[in-house]
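Sequences are here, hints too, so could you generate the full structure?
This is what each chain is made of:
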Amino acid sequence: MKYSSQAVAKPYFIFALVLLAGEILFGLLMAIQYLYGDFLFPLIPFNVLRMVHTNLLIVLILFGFMGATYYLIPEESERELWSPKLAIITFWVFAAAGVATILGYLFVPYAQLTELTFNNILPTMGREFLEQPLPSKLGIVLVVVSYIVNVAMTVLKGRRTVITTVLITGLLGLAVFFLIAFYLPENLILDKFLWWFTVHLWVEATWEVFVGCLAAYGLIKIIGARREVVEMWLWIEVSMLFGSGILGMGHHYFWIGTPEYWWEIGALFSALEPVPLVAMFVHVVYDWGKETGLKAGTEEKTMNNSPAFAWFVTNAFGNFLGAGIWGFFHTLPQVNIYTHGTQFTSAHGHLAFFGAYATILIGMMYLAVQGKNGIKVMNNTTSTIFSTSMIVGGVVGMTVALTVAGYSDVIISRAQMGATWAGYFDAQATTWLVQGLVWRLLMGVITFVGFIFLAKDLLTIGKSANHVR
Amino acid sequence: MAKNIYYGGGLFALLIFLGLSFDTVQQIPKRSNQSNMTESVVLGKALWEKNNCVGCHTLIGEGAYYAPELKNVFQRRGSNDEVTFKGYMQGWMAAQPLREPHRRKMPQFNLTAKEIYNLSDFLIWTSKVNANEWPPTIEG
Numbered sequence: 001m002k003y004s005s006q007a008v009a010k011p012y013f014i015f016a017l018v019l020l021a022g023e024i025l026f027g028l029l030m031a032i033q034y035l036y037g038d039f040l041f042p043l044i045p046f047n048v049l050r051m052v053h054t055n056l057l058i059v060l061i062l063f064g065f066m067g068a069t070y071y072l073i074p075e076e077s078e079r080e081l082w083s084p085k086l087a088i089i090t091f092w093v094f095a096a097a098g099v100a101t102i103l104g105y106l107f108v109p110y111a112q113l114t115e116l117t118f119n120n121i122l123p124t125m126g127r128e129f130l131e132q133p134l135p136s137k138l139g140i141v142l143v144v145v146s147y148i149v150n151v152a153m154t155v156l157k158g159r160r161t162v163i164t165t166v167l168i169t170g171l172l173g174l175a176v177f178f179l180i181a182f183y184l185p186e187n188l189i190l191d192k193f194l195w196w197f198t199v200h201l202w203v204e205a206t207w208e209v210f211v212g213c214l215a216a217y218g219l220i221k222i223i224g225a226r227r228e229v230v231e232m233w234l235w236i237e238v239s240m241l242f243g244s245g246i247l248g249m250g251h252h253y254f255w256i257g258t259p260e261y262w263w264e265i266g267a268l269f270s271a272l273e274p275v276p277l278v279a280m281f282v283h284v285v286y287d288w289g290k291e292t293g294l295k296a297g298t299e300e301k302t303m304n305n306s307p308a309f310a311w312f313v314t315n316a317f318g319n320f321l322g323a324g325i326w327g328f329f330h331t332l333p334q335v336n337i338y339t340h341g342t343q344f345t346s347a348h349g350h351l352a353f354f355g356a357y358a359t360i361l362i363g364m365m366y367l368a369v370q371g372k373n374g375i376k377v378m379n380n381t382t383s384t385i386f387s388t389s390m391i392v393g394g395v396v397g398m399t400v401a402l403t404v405a406g407y408s409d410v411i412i413s414r415a416q417m418g419a420t421w422a423g424y425f426d427a428q429a430t431t432w433l434v435q436g437l438v439w440r441l442l443m444g445v446i447t448f449v450g451f452i453f454l455a456k457d458l459l460t461i462g463k464s465a466n467h468v469r
Numbered sequence: 001m002a003k004n005i006y007y008g009g010g011l012f013a014l015l016i017f018l019g020l021s022f023d024t025v026q027q028i029p030k031r032s033n034q035s036n037m038t039e040s041v042v043l044g045k046a047l048w049e050k051n052n053c054v055g056c057h058t059l060i061g062e063g064a065y066y067a068p069e070l071k072n073v074f075q076r077r078g079s080n081d082e083v084t085f086k087g088y089m090q091g092w093m094a095a096q097p098l099r100e101p102h103r104r105k106m107p108q109f110n111l112t113a114k115e116i117y118n119l120s121d122f123l124i125w126t127s128k129v130n131a132n133e134w135p136p137t138i139e140g
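The listed protein sequences derive, respectively, from chains U and X.
Per the working numbering, the first sequence starts with residue 1, numbered consecutively.
Per the working numbering, the second sequence starts with residue 1, numbered consecutively.
Source of the hints: derived by calculation from the structure; they are not laboratory data.
Watch out, some of these pointers could steer you wrong.
What the hints assert, rightly or not - Quick partial rundown of chain U residues pointing at chain X, CB under 8 Å, derived from the structure:
| # | residue |
| --- | --- |
| 1 | 36 |
| 2 | 37 |
| 3 | 111 |
| 4 | 114 |
| 5 | 186 |
| 6 | 193 |
| 7 | 239 |
| 8 | 246 |
| 9 | 249 |
| 10 | 255 |
| 11 | 258 |
| 12 | 337 |
| 13 | 338 |
| 14 | 418 |
Unchecked claim - Using 20 Å as the maximum straight-line C-alpha spacing, the simulated DMTMM-like pairs for lysine to aspartate or glutamate come out as follows:
| # | chain 1 | residue 1 | chain 2 | residue 2 |
| --- | --- | --- | --- | --- |
| 15 | X | 3 | U | 231 |
| 16 | X | 128 | U | 260 |
| 17 | X | 30 | U | 191 |
| 18 | X | 114 | X | 81 |
| 19 | X | 114 | X | 82 |
| 20 | U | 10 | U | 80 |
| 21 | X | 128 | U | 186 |
| 22 | X | 86 | X | 115 |
| 23 | X | 114 | U | 115 |
| 24 | U | 376 | U | 299 |
| 25 | X | 3 | U | 228 |
| 26 | X | 114 | X | 39 |
| 27 | U | 221 | U | 78 |
| 28 | U | 376 | U | 291 |
| 29 | X | 128 | X | 81 |
| 30 | U | 290 | U | 300 |
| 31 | U | 221 | U | 231 |
| 32 | X | 30 | U | 186 |
| 33 | U | 2 | U | 75 |
| 34 | U | 372 | U | 78 |
| 35 | X | 128 | U | 191 |
| 36 | X | 128 | X | 82 |
| 37 | U | 221 | U | 299 |
| 38 | U | 2 | U | 78 |
| 39 | U | 157 | U | 80 |
| 40 | X | 30 | X | 133 |
Positions of the beta carbon are idealized from the N, C-alpha and C atoms, including for glycine.
Next up, the structure:
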């Protein structure tokens, strides 16, 4: 670690791991409740489990992004973080708000929670992924603003690189688009229309820009890719991300009461959304192939962090497959009319969030462990191999299982019976769908076991003897 | 060069998007029959949110997939008749959770008769929104 302030990343990463454990566990509980409706009912109804599961995901990604930024910004800017103290205070505020929110979901009935948290004064709650009570939402704004200020001040006073410049544009987008979450229109259709401004523009635009920056940084750090080349790629990737992602928003506006022209706009631009993901994929794999081996004239390997790089490559594959391919499957209106609101969407969601975000954050965690322990070349341990293969295998397995389940859902409850009561329950009862949900649960268990290896590995790999120091 | 494509292209896409969004916002009142959005419908929507219904159900295809879609529940369960539907809703909400072993359960929300009336009005209003003829078939 070149700069002591990079150490503020540590609590962020550790807390992100804790949240990841919670996210997987609550996912498992939901998977069981899907099969046995009496499980945990009425103690924790499904909507509460789901809220905890999805909110933990969002918060863990934000924690991971913050940790990753605080780790890379000092190195990129070639100076200490503007205020490590602010970063630590922000951490505690965010962690406290996050824990309080989750406990609120679990121990207070949601209707009562809305009353306790001034939702009648400024209603914002009760919408998918934006269920957080008003104080929590205000807390998120506070945390994000202090994070942006800290990053911006560091970048402005230090060396400017393309990575930090692009990162800041992504951050500003992230902050601005969240503000729309504070407006809840009385008209359901307008509500749905604006809701996507936050949800889509986070997940399919600004967060992806962030991933581009992390991948660029990782390639320079791990395999010594040339900065000029990486930066040129980064500009191209993020240009395509915004070019396709912003108007690609149309693919959410096919069937929710918005005009027909979103069919063409959404189909065309969202079909282009995989292009930057292909570019990222090619970029990572090409650089990998070109740089593998020994440094010219030495016995030193080019690759200095195998576990981190494995996760960066997983990110390239996962982002392309989960967000790109699984997204493209159902992005055209002709297909989406049947897949809209089915298990197919959850298959896509699982692989996309994992592939695009979780993977690269785990890669950044390995980089931070390497930096903190002053390791020159970090090698895999047995746990690294177990965790990587079990987590990747588990999530891909869940995705395939949900895709099979989604297939019956699409055929029966949409194509044949059209979102009717009988269509819904007939589809849910078919062997294909039930088996899909069983396999999803089994694969979820494998993912969780893999996670235990991952946590163990991240906590102990720094002390392992098989690295070059 | 690449930098300008990023800023220029991003801004260009955003402007087109905002232009289309402006038009969409103009069209939404007509497409959603906003004139029929009575106080009861608005109260019903607030109840929908307050009880986190979207945590299990989809509404016009968005939400969770644990329980049935509700855009067409008025046609399906009320045969397009408001009195029938409201009567059905009172009975249905009172009967939760159903005592069938292993079946996925809907919690008892303890809504008052008036609240169920509001919720029904909200679902009736939603059923009439022009969603480009989604879902694909009506009854099976």
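Hint check:
no.: 1; hint: 36; result: holds, 6 Å
no.: 2; hint: 37; result: holds, 4 Å
no.: 3; hint: 111; result: holds, 5 Å
no.: 4; hint: 114; result: holds, 5 Å
no.: 5; hint: 186; result: holds, 5 Å
no.: 6; hint: 193; result: holds, 6 Å
no.: 7; hint: 239; result: holds, 4 Å
no.: 8; hint: 246; result: holds, 4 Å
no.: 9; hint: 249; result: holds, 7 Å
no.: 10; hint: 255; result: holds, 4 Å
no.: 11; hint: 258; result: holds, 5 Å
no.: 12; hint: 337; result: holds, 5 Å
no.: 13; hint: 338; result: holds, 6 Å
no.: 14; hint: 418; result: holds, 3 Å
no.: 15; hint: X/3 / U/231; result: holds, 10 Å
no.: 16; hint: X/128 / U/260; result: holds, 17 Å
no.: 17; hint: X/30 / U/191; result: holds, 15 Å
no.: 18; hint: X/114 / X/81; result: holds, 18 Å
no.: 19; hint: X/114 / X/82; result: holds, 15 Å
no.: 20; hint: U/10 / U/80; result: holds, 16 Å
no.: 21; hint: X/128 / U/186; result: holds, 16 Å
no.: 22; hint: X/86 / X/115; result: holds, 11 Å
no.: 23; hint: X/114 / U/115; result: holds, 19 Å
no.: 24; hint: U/376 / U/299; result: holds, 14 Å
no.: 25; hint: X/3 / U/228; result: holds, 13 Å
no.: 26; hint: X/114 / X/39; result: holds, 12 Å
no.: 27; hint: U/221 / U/78; result: holds, 14 Å
no.: 28; hint: U/376 / U/291; result: holds, 17 Å
no.: 29; hint: X/128 / X/81; result: holds, 13 Å
no.: 30; hint: U/290 / U/300; result: holds, 16 Å
no.: 31; hint: U/221 / U/231; result: holds, 13 Å
no.: 32; hint: X/30 / U/186; result: holds, 15 Å
no.: 33; hint: U/2 / U/75; result: holds, 7 Å
no.: 34; hint: U/372 / U/78; result: holds, 17 Å
no.: 35; hint: X/128 / U/191; result: holds, 16 Å
no.: 36; hint: X/128 / X/82; result: holds, 13 Å
no.: 37; hint: U/221 / U/299; result: holds, 19 Å
no.: 38; hint: U/2 / U/78; result: holds, 9 Å
no.: 39; hint: U/157 / U/80; result: holds, 10 Å
no.: 40; hint: X/30 / X/133; result: holds, 16 Å
Consistency with the previously given hints is maintained throughout, with no hint failing.
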